[in-house]
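J.: This is what each chain is made of:
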Amino acid sequence: MASSDWKNRFRKLPEGHGVGIACSSYLSGAGLPIYWNDMPHSGVQLKLDRSGGVTAFCGATEIGQGSDDVLAGCVAEVLGIQPIDIRLVTGDTDLTPVDLGSYSSRVTLMMGNAAIQAAERARDLLAEAVSEKLERPLARLVFADRRVFDAEDPNVGVSFSEAVCLAETRFGTLGTVGSYTPPKSAARFKGGGVGPSPTYSYSASVVEVRVDPVTGWIDVPRVWIAHDIGRALNPTLVRGQVEGSVYMALGEALMEEQEFRRLPPRLSHALVHKFPSILEYKSPTTMDMPDVVTELVEHPDPRGPFGAKEVGQGPLLPVMPALANAVYDAIGVRIDEVPVTPEKIVKALAAKAAGKPARYGPARFPDVPWPDTLQVPPPWEGGDGKAINEEGKRKKVEGQRTKIAVVPS
Amino acid sequence: MMRLPRFAYHAPRSVQEAADLLAAAPGETMLVAGGTDLLPNMKRRQQVPATLVGLRQVSELQQIANGDGVTIGSGVTLARLVNHAGVRTAYTGLWQAAAQVATPHLRNMGTIGGNLCLDTRCNYYDQNYEWRKAIDFCLKKDGSTCWVATSSRKCLAVSSTDTAPALLALGAAITLVRADGAREIALADLYRNDGIHYLTRRPDEVLTTIRLPRLEGWRSTYWKLRRRGAFDFPVLSVAAAAKIARDGTVEDACIVLGAVASCPIDVTAAGDMLVGGPLTDGAIARAADAASKPARPMDNTDFSLVWRKRVTRDFVTYALRELRGDDVRDLRRRIARQELLGIVS
Chain S
128 MASSDWKNRF RKLPEGHGVG IACSSYLSGA GLPIYWNDMP HSGVQLKLDR
178 SGGVTAFCGA TEIGQGSDDV LAGCVAEVLG IQPIDIRLVT GDTDLTPVDL
228 GSYSSRVTLM MGNAAIQAAE RARDLLAEAV SEKLERPLAR LVFADRRVFD
278 AEDPNVGVSF SEAVCLAETR FGTLGTVGSY TPPKSAARFK GGGVGPSPTY
328 SYSASVVEVR VDPVTGWIDV PRVWIAHDIG RALNPTLVRG QVEGSVYMAL
378 GEALMEEQEF RRLPPRLSHA LVHKFPSILE YKSPTTMDMP DVVTELVEHP
428 DPRGPFGAKE VGQGPLLPVM PALANAVYDA IGVRIDEVPV TPEKIVKALA
478 AKAAGKPARY GPARFPDVPW PDTLQVPPPW EGGDGKAINE EGKRKKVEGQ
528 RTKIAVVPS
Chain D
3 MMRLPRFAYH APRSVQEAAD LLAAAPGETM LVAGGTDLLP NMKRRQQVPA
53 TLVGLRQVSE LQQIANGDGV TIGSGVTLAR LVNHAGVRTA YTGLWQAAAQ
103 VATPHLRNMG TIGGNLCLDT RCNYYDQNYE WRKAIDFCLK KDGSTCWVAT
153 SSRKCLAVSS TDTAPALLAL GAAITLVRAD GAREIALADL YRNDGIHYLT
203 RRPDEVLTTI RLPRLEGWRS TYWKLRRRGA FDFPVLSVAA AAKIARDGTV
253 EDACIVLGAV ASCPIDVTAA GDMLVGGPLT DGAIARAADA ASKPARPMDN
303 TDFSLVWRKR VTRDFVTYAL RELRGDDVRD LRRRIARQEL LGIVS
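In order, the protein sequences belong to chains S and D. Here the first sequence stands for residues 128 to 536, where the numbers follow our numbering. Here the second sequence stands for residues 3 to 347, where the numbers follow our numbering.
The hints are simulated quantities; they were obtained by calculation from the structure and are not laboratory data. Think of the CB as a built atom: it goes at the ideal place given N, C-alpha and C, for glycine as much as any other residue. Worth double-checking, as some hints may not be accurate.
As the list claims (entries may be wrong) - SDA-like cross-link-like pairs, simulated, lysine to any residue; straight-line CA separation at most 20 Å:
no.	chain 1	residue 1	chain 2	residue 2
1	S	K401	D	D301
2	D	K45	S	S404
3	D	K143	S	K474
4	D	K143	S	L394
5	S	K401	D	A151
6	D	K311	S	W344
7	S	K401	D	S153
8	D	K135	S	L476
9	D	K135	S	L390
10	S	K401	D	D138
11	S	K401	D	S154
12	D	K135	S	W344
13	D	K143	S	L476
14	D	K135	S	P403
15	S	K474	D	L307
16	D	K135	S	F387
17	S	K401	D	M300
18	S	K474	D	D316
19	D	K156	S	L394
20	D	K311	S	L476
To be verified - Counterexamples of contact, computed for chain S against chain D with all Cβ distances above 10 Å:
no.	residue
21	Q172
22	A278
23	G299
24	T326
25	K479
So here's chain D without its partners, still in its complex pose (with noise of 0.2 Å):
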């Protein structure tokens, strides 16, 4: 049976002191809010912290909070998330996308802060102790091989947040505050294409809140490749923003895929090709040809990669024809198992 190792724990009332008990270990100290991702992965000795501060009752962390866009607390849960009209209205992407993590179980401990910072995820990591020692381990955890691609000197563990894709196309920020100072980056500063160090955040700074612009005339959609209708990760998604003019024209766009690499990957090039024109069949076949390039998935997910690989191109088409207006209810029922209907302000 897999226990929880020993560990202290610390359960703070405010970010200071949060961030107070990391500097004072900030190497054997973790963060933990929801744990529907850390605890198991102790369970399994993928993390083994000695020391471990709670956020649950940081109520700082649990702010959303209206303005000029808006700010959410990184201690929000996803079902908070979820029912909340205002992000569904203005924000339908990340909603989309939280609703769709895991299950309403997990949704409702799992938060915000803890699915951006969520590990990276690999079918030769994700075990159990005793079956990775029995492999030898490998590069991710007390290993040298990537079992992946064993000539591989990077980890190719796979990105799989869910509403961390949503956020990049909707242009969010992130605050990370330390003991001694707090700093505002873009979400997309956040990230590294690195399996093993796949967030910037310095293992002292706590992860406080995201904020969203205010975005007039955007509309914003996410799209998830994954084999049931709850419950499993991502394997592919595509999370897609527009800003679309009354008249059809694309202002502004932003394409961003999950899942297939070892952060999310801003398609730049492909949402910049929407600009200036209509939402036309041959624009959106042109962007999503575009768009599906990058992406590099591995054979550590479920589903081929050659074939998540290949339908790339058919979910970036399904993101932009929901931007564009099209009735997708139905090949979201089919997809998704679930209509996902943003409101319409």
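Okay, chain S solo, but in the shape it has when bound (with noise of 0.2 Å):
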């Protein structure tokens, strides 16, 4: 609020130019597995030479969003090394223990708690070895520095090659491994399993727009950002996904869309895709892209590793609404529905000239005959995924499907 100067540009821009704001919350893993047990969710092998170097097995898959820098620094933070120092194997199922998938924002948190476990447990037998070796309590161990030393004398220590060793010669071959399962979901009902998370990211953002009050063209020349992060294990890489939100979300907001048109019943009568490509279906490019000012908000959150939530999907959230809210302030009209276009800012500015309400797209959400939700036990229920209701019992819906929308050709 403060960086954007929000008091001073709310309600007193200029015609055609405002600000909005919205909030959003999102999930930062599914509480369940799509597929129904319960096991953990993410698994991660260590294994540590005697070399001192420390190799990190996942399943989860480095998509660009930077899994694979979250694993070596889990890992480096507990045993006191540099994250350069690891070596990663991930994303192969062949040789690594199973991460569901770099879906619904879970990696860091769940991979994060699973590889701060396998560490904390290689850390233990490391700091046991040395503790017999030095002579020096447990308790006043220190990892750090590329060295294992004693808290009240540090110039009492090993390094951590040696460490690796020392271990190795008490314990034989070294190795370890973390899991992560969540909390137990409350969902007790088919798709609940997607909502209830182990913690929740929160996020804000403030929207410029510009608005020309003849054509409905819209600019965006600045969004202001701020995302709890819980803690940011890699300040430069979370910056880089809520950026690359604000992106998504512009294009969510501005251009993404699927149109149908219905072919005439004298030919196929068919549905068919108005714009069946890629460079029609837009998102936009850099040249589009406004300033992007982003705040982090640190708040540690007791069930990430070392605090850490989600960054991968929830800063897209508030940007859609923020922008349809600066639309509103800029020119007095409302756009209910995304992408908002130039043609709907126009078609909206024409009803409020003509004395109609000041807004496009649906007046509410469309009536549609929800069945009975479907009962489905949690796992630890010995649910199996399939409903204990029966299917005769849910009300029938045959017939009374949404209609979906047709351009008129």
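Join these two chains into a complex; the hints should help.
T.: Written as structure tokens, this is what we have:
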């Protein structure tokens, strides 16, 4: 709010220029796996060799979001070594323990916790061996700067690689595992596994727009975004993810749309995709990206690895409503659907001029004949993913399906 | 996966050699320069030439020659054209048009000649073979129905070249060379308002040069409507050029609309209305009204046709304001996502 100078801008900018705000929350991974079981959601294996090398194995898939960096960072932090000291083997189900995948904003929280558990188990082995060798109490040993040393007498210590050798001598070949299972979810119906989450991130955004009162053309010069990350394990990557979310959000807010159109009856009468091509399914380019002012809010979460929470998808959410609010502040019309386009603004302005409600889009959520929920007991109550209420008792919904809006040809 | 069909490839070193290759089998041979338009089309089977004649090694097509005006070889890449200070200074509208074609990567490959001959576009045509087959194809290729307007007997695919409207407003002429001769025609005569037969170039002709006259006292500009500041083809464009006396009197003017028909539309009447007086707000408004009338956008591009038709007037206004000398940098940044300032000589 302060960085966007909200108080001096909201309702105070000239016609055609406005700001809007919105807040949102997002899960850090789903509480139940997509396939129904109560096994861990993420597993990490560590191998420590006598040169002091550490290899971390995890099924988590690096898709550019930085999950490899989080894995190396969590292990390094616990063992007092540098991320560059760690070899990573990830995303290869032949070699790695299971991680459910890069979706649902779950990897940092779940893999991070598994990595910390594996690393703490390794640290305990090393600490025990070093404690015996140096004859110093376990509780006083610190792992930092690639050394293991006495906190009260830092000169007394061994290098990390010596610590590994001592532990291998003491315990044999070293390897540890860690895993993470979310707290039990309250969900008891089909689909309820998604939503309940170990913890939630929070985001807020202010969007500035300029709207041409004649053409409806929209320009977004700046977006301010604040994201409660819990703790930023790598602030550069977190900012990258936040800015990426703003980018995705602006695509949703301004461009991305699938339009359909019905062919005439004398032809096939088929419902066809109007723009079946990525060239016409538009997302912003670097030319369209506004300035993004990113504020990270660090309020460590007790359930996150070192307090960290998700950043992959949450910061996307407040941008769309903030943009719609900014359009209203700029030009006094409400666009009640995405994408917010110049055509819709022109139509809403025309409605306003004609004395009708100054808005465009659906008036309310459509009527949907929702069926009864399917009751599915959680895995720890013996549920196998199948509904226990019978199919026949569900409301009949045939013939009442929601209608697909058809663009007139 | 979409793969190129099989074809024979020739890489001649001279225009004569290229023309001879075309003459050998004119219906089955196509020219390729940057390939940014043709090769994707071939993968989607919109064009399936048996033979391609590559023009990249024809050095005589790569020249930009000064003289009485400027002569640009058809093989000059859009990137080279954009980096040419003389073009940016004397033919600002052309520079602004070339600078807004697609992306830097595509401008590095694509040529001015290729952009002038760009295939017309339509969202029922620019799709892969399987999708087009699923709707039983369209009038432009392999089918009999125009899906844009099912009662139309004429293909309504859209002229989507950026540089053609800009060059038309500047009075360009082109040279077409065939094996046994050459002809120079006004660029305007290259185009036909027909989505299928959109060029008057004969299949055995090579477009070799684009010639622009010396334009003392002229200013020119190009405004392009597209959703994003890169990649997208124009879905409306306005090229305008005017000769303006020191006292502000318009001595000559030309306005050309792009992407509102199957060829660029020269709105001569609107340009003529401006002659003899200064570019006042009133004169600009009257010309913009007149210029927007012939725009016939169809429902086969991004943005709704009603809105595209509606904002034609506004885009003509922007162009004429820039010719008047207004500071339009802020407007440019909002519309084009870049300032596109010409160089004042």
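J.: For D:K311 and S:L476, compute the direct alpha-carbon distance and say whether it is at most 20 Å.
T.: holds, 17 Å
J.: Hint check: S:K474 vs D:D316, CA-CA at most 20 Å. Holds or violated?
T.: holds, 17 Å
J.: D:K135 and S:W344 were given as a pair; does the straight-line alpha-carbon distance stay at or below 20 Å?
T.: violated, 36 Å
J.: Hinted pair, alpha-carbon criterion (20 Å max): D:K135, S:L476. Please report holds or violated.
T.: violated, 41 Å
J.: Quickly compare the C-alpha distance for D:K135 and S:F387 to 20 Å and report which way the hint goes.
T.: holds, 18 Å
J.: Given the hint that D:K311 pairs with S:W344, test it: the Cα-Cα distance must not exceed 20 Å.
T.: holds, 14 Å
J.: So if I understand the rule, the pair passes when the alpha-carbon distance is 20 Å or less; does D:K45 with S:S404 pass?
T.: The given pair, whose Cα atoms are some 14 Å apart, holds under the 20 Å limit.
J.: Would the non-interface assignment of S:K479 survive a Cβ cutoff of 10 Å against chain D?
T.: At about 17 Å from chain D, S:K479 clears the 10 Å cut-off, so the statement holds.
J.: S:A278: least C-beta distance to chain D exceeds 10 Å?
T.: holds, 56 Å
J.: Please verify whether D:K143 and S:K474 have alpha carbons no more than 20 Å apart.
T.: Violated, at roughly 36 Å.
J.: Would you check whether the claim that S:G299 is not at the interface survives, using Cβ distances to chain D and the 10 Å cut-off?
T.: Consistent with the label, S:G299 stays out of reach of chain D, its closest Cβ about 51 Å off (over 10 Å).
J.: Straight-line Cα separation of S:K401 and D:D301 no greater than 20 Å?
T.: Measuring from Cα to Cα gives roughly 10 Å; hence the hint holds.
Of the hints listed earlier, those the structure fails to meet are numbers 3, 8, 12, 13, in rising order.
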